[in-house]
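2 protein chains.
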Amino acid sequence: PRYHPCPRCHLCPRLLAMAAAAAAAAAAGGARRARVLTPESMNPAIRRVEYAVRGPIVTRALEIEQELKKGLPKPFTEVIKANIGDAHAMGQQPITFLRQVTALCLCPELMKDESIPSDAKERAQRLLSACGGHSVGAYSASPGVQMVRENVARYIERRDGVPATADDIFLSTGASDAIVNILKLLVSGEGSQRTGVLIPIPQYPLYSAALAELEAVQVNYYLAEERCWALDVAELRRALAEGRQRCCPRVLCIINPGNPTEVTWGGPHSREKSGIPGDILGCPPQVYQDNIYAEGSAFHSFKKVLMEMGPPYSAEVELASFHSISKGFMGECGLRGGYVEVVNMNPEVKAQLAKLVSVRLCPPVLGQLILDTVMDPPKPGEPSYERFQAEKEAVLGALAEKARLTQEIFNQTPGIHCNPVQGAMYSFPRIELPPKALAAAKEKKQAPDMFFCMRLLEETGICVVPGSGFGQKEGTFHFRMTILPPTEKLKILLEKLSTFYTKFVKEFS
Amino acid sequence: PRYHPCPRCHLCPRLLAMAAAAAAAAAAGGARRARVLTPESMNPAIRRVEYAVRGPIVTRALEIEQELKKGLPKPFTEVIKANIGDAHAMGQQPITFLRQVTALCLCPELMKDESIPSDAKERAQRLLSACGGHSVGAYSASPGVQMVRENVARYIERRDGVPATADDIFLSTGASDAIVNILKLLVSGEGSQRTGVLIPIPQYPLYSAALAELEAVQVNYYLAEERCWALDVAELRRALAEGRQRCCPRVLCIINPGNPTEVTWGGPHSREKSGIPGDILGCPPQVYQDNIYAEGSAFHSFKKVLMEMGPPYSAEVELASFHSISKGFMGECGLRGGYVEVVNMNPEVKAQLAKLVSVRLCPPVLGQLILDTVMDPPKPGEPSYERFQAEKEAVLGALAEKARLTQEIFNQTPGIHCNPVQGAMYSFPRIELPPKALAAAKEKKQAPDMFFCMRLLEETGICVVPGSGFGQKEGTFHFRMTILPPTEKLKILLEKLSTFYTKFVKEFS
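One line per chain: the protein sequences are U and S, in this order. Per full-length UniProt numbering, residue 1 is the first one in the first sequence, and the count goes up by one each step. Per full-length UniProt numbering, residue 1 is the first one in the second sequence, and the count goes up by one each step.
One chain only, chain U, in its complex shape (with noise of 0.2 Å):
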């Protein structure tokens, strides 16, 4: 208030709420007028979104924890999520290492605290000179920190012992929002021209409300439950060839390892082609590269294979692969950070792409930095490798012990057939269900897998998925279930799962 302002410009605000509130008498002539925005008059690509992972089954367990604040009395006393791959609220401690890195380069004035190691310092004062300002509250530029980006490009290498460059990553707000982009690019064309995506069923709910949201065609095909989960070239083909009856298919998303199911793709190599003609971009996420337990399982990166098959494919196939920091050891979910590597990509598409990521300005800073300290961790003899080796390895060793807890478990109930969990944090078990549940569900108008889960949350306040927010092949029934809880408490949720479907099928029985 230093100066004087034209004093033509005061323009009432009311006049301007006016010119909206007029809108509330005009459309009918003074009758009630009926709102902008209804069910009716909304983005119907919105409304045929469907996300389970955070659906009706997640909001009842929300209502339940609220009557349960208020004393209402319930036959347990707290309610276990174990529907989202969330292992920080389940109690797994963060990474030291990631934590002390990013809180120095919040506040700088904390460079003081002798109780931080040099190496979390040097580190964080190397990531603030590459933030604008030296500060984290800069934008950044919109595919993310170049010094992040190269640290991504020297991870893949290091990985998959093939060349990555900087230009090729884009980081992002979580996988999330990469996979979205890169579906949206894709998206063109009308009616048996529109854009098809190739999603495995059961999948992870986020490509079917991608789909159903860009109004791109969703292609089915089915993963084997009988070899645990595995992709079958056949019924690739066969997938493919219905899509083409109705759309342009150009796009096959593989999940690997595999959400909801927990296959991961290893094993011995076969050089066999299969022969599946079309123009496909693959589009593999694989943000549980770090979450593989079984024996003689790996993880291979589809890059990696791409590149060893040589020319031409490995200089033709167009590839996008994701990953995040929501999962792996880090498990830093709330902090939405991730990438996208795009391989063989048009050089003016990626320019597209580049433009498409600037609307939104940048990916959460401090998500790109965590990436940075999880892509480029510390190395043997500096001064937080010991810590970070040692949180790292409870973390995954946990995992991997609950992995083989939750199947032994299952297996034991009659009715309940879980593959091994290979990776990822998930067990997808089948459940058979008696002929008077599925008639049960049929009355309540719900899906017979979605009765049983509500069943099971409303008397044992364990919350699950059921397996049709996934898919699953017609007249088969699941759940998805994270592996997450501290192992106590995971084995005593198992028991009383197991115990309430056998009292489940002997009620309807």
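A hint or two may mislead.
Said to hold, decoys possible - Calculated cross-link-like contacts (lysine to any residue; reagent style SDA-like; alpha-carbon spacing at most 25 Å):
1. K70(S) with I416(S)
2. K350(U) with R48(S)
3. K355(S) with V180(U)
4. K70(S) with E150(U)
5. K350(S) with R47(U)
6. K491(U) with F504(U)
7. K355(U) with E65(S)
8. K350(U) with Q146(S)
9. K74(U) with Q146(S)
10. K112(S) with D113(U)
11. K444(S) with E348(U)
12. K489(S) with K379(S)
13. K69(S) with V180(U)
14. K112(U) with M111(S)
15. K70(U) with R154(S)
16. K355(U) with R455(S)
17. K392(S) with R126(S)
18. K355(S) with E50(U)
Unchecked claim - Taking CB as the label site, the calculated pair distances span:
19. V162(S) with G71(U): 31 to 37 Å
20. E459(S) with Q146(U): 22 to 28 Å
21. Q193(U) with T476(S): 38 to 44 Å
Please keep in mind that the hints were generated in silico from the structure rather than gathered at the bench. Quick caveat, the model's predicted, so the values are computed rather than measured. Here a beta-carbon is modelled for each residue, glycine too, at the ideal position from N, C-alpha and C.
Guided by the hints, dock chain S onto chain U, whose structure is given.
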């Protein structure tokens, strides 16, 4: 690696990659195949998106920075990016309390650091107890941490003196994210029934970019430059009538205070009705509500005005208003925090909004926590109060001074006309360009103000955004420049720019 995996589930990654790779050969029977994603085959809506704030001029600025690093001789030593409202990148210091609280949340081990005041520690404890598993690494609820939503509602109540409820607050990844989500809900219909959105010209190009992506119809209303960019209700009526001929206008966007124009909706209150008919949902972003410098100007929230108007307006007009941590005195762009408050929204549509945001899981948690500290800052008597106030006032005082300086220096130069910078953090001066310059621009296939800004960048290192990126009345030319560089630097910059302009005009006369 503690148990035996199912022996049947080994599937070769090569098989999968080949399934995708076979596409390389298939399309043209062995001939060189086209890529899946080409400029021709990609989503045409994305191709139409433009975002001037990070457009070609910024790309060139980044190249020049690289050239300077390589030692290429230039008539300047650094690029000054006055293209984007990025306060920290321009040297603005972060507010200590905000950073202390979030650093403690990231790394609770630092609670024992004695240099951090007790109220920051208490706030961090309280925020952590509102996070899943007491960790910022857990996902929050999709509309945001409940405690933060409640603090936002209390803040709005204090600001407007009317009730607000946490249920109407959806936290977001910066304001942009929330704006796009609300627009997404509103888009429907085909042809002349397609949703139209009234936006001010000049506008902030997020709107045109989002509308292009969503394939909604952009309806322009022009702000009155001769009255300091005031909104003119007759012009609004004209735009609405024009829009009705080609679409169904359903949304009125007002930027309050303006961006790139700097008008604030203050001044005397008229109760005159504007008489604009039609179904209009107000959509005013108010991210600059703390950035008001002009004497006699004040921030008036649309919600407050609407509520003061009483029924039926107060009960029926739908309003969505946005706020962000990126601007104001905090300038925390990199943390990506913000919110939308929806007023009078149909409850079913609100449930659809909740579903839509759940697909992206949650906004960055640290951005949410920074928002909490902004909504509920230290109070008199608390240990952090004085430092907080002093830092806040220093930032806002400097901005007011820079607003004054900008207007003063620009208006000393014949041919440059700069309205007072009443709010926000930009000036949007009009420049007269001689006919020969227009001809030279035409030859280069550039908009005349793009031609001017490119020359400015090449010769002085100053990066500003051409008015054509925001929209302007035909035949007028502008550029947008932030007022953010430190005062001494800004002064030099303004003088350099004015000198260059004079030289440019002479060259083309």
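Quick rundown of the hints versus the structure:
1. K70(S) with I416(S): Violated: K70(S) and I416(S) sit about 35 Å apart, past 25 Å.
2. K350(U) with R48(S): holds (15 Å)
3. K355(S) with V180(U): The hint holds at about 16 Å.
4. K70(S) with E150(U): holds (19 Å)
5. K350(S) with R47(U): holds (12 Å)
6. K491(U) with F504(U): At roughly 20 Å apart (the allowed maximum being 25 Å), F504(U) and K491(U) satisfy the hint.
7. K355(U) with E65(S): holds (20 Å)
8. K350(U) with Q146(S): violated (39 Å)
9. K74(U) with Q146(S): Holds, because 24 Å separates the two Cα atoms, which is no more than 25 Å.
10. K112(S) with D113(U): OK: K112(S) and D113(U) at ~10 Å, within 25 Å.
11. K444(S) with E348(U): holds (21 Å)
12. K489(S) with K379(S): violated (34 Å)
13. K69(S) with V180(U): Violated - the C-alpha atoms of V180(U) and K69(S) are around 36 Å apart, more than 25 Å.
14. K112(U) with M111(S): holds (14 Å)
15. K70(U) with R154(S): Distance of about 23 Å is within 25 Å: holds.
16. K355(U) with R455(S): holds (23 Å)
17. K392(S) with R126(S): Given pair K392(S), R126(S) holds - Cα atoms ~23 Å apart, limit 25 Å.
18. K355(S) with E50(U): The hint holds at about 8 Å.
19. V162(S) with G71(U): 31 to 37 Å: holds (33 Å)
20. E459(S) with Q146(U): 22 to 28 Å: This hint holds: roughly 26 Å between Cβ atoms.
21. Q193(U) with T476(S): 38 to 44 Å: Cβ of Q193(U) to Cβ of T476(S): about 42 Å, so the range 38 to 44 Å holds.
Hint violations for this structure: numbers 1, 8, 12 and 13, all remaining hints satisfied.
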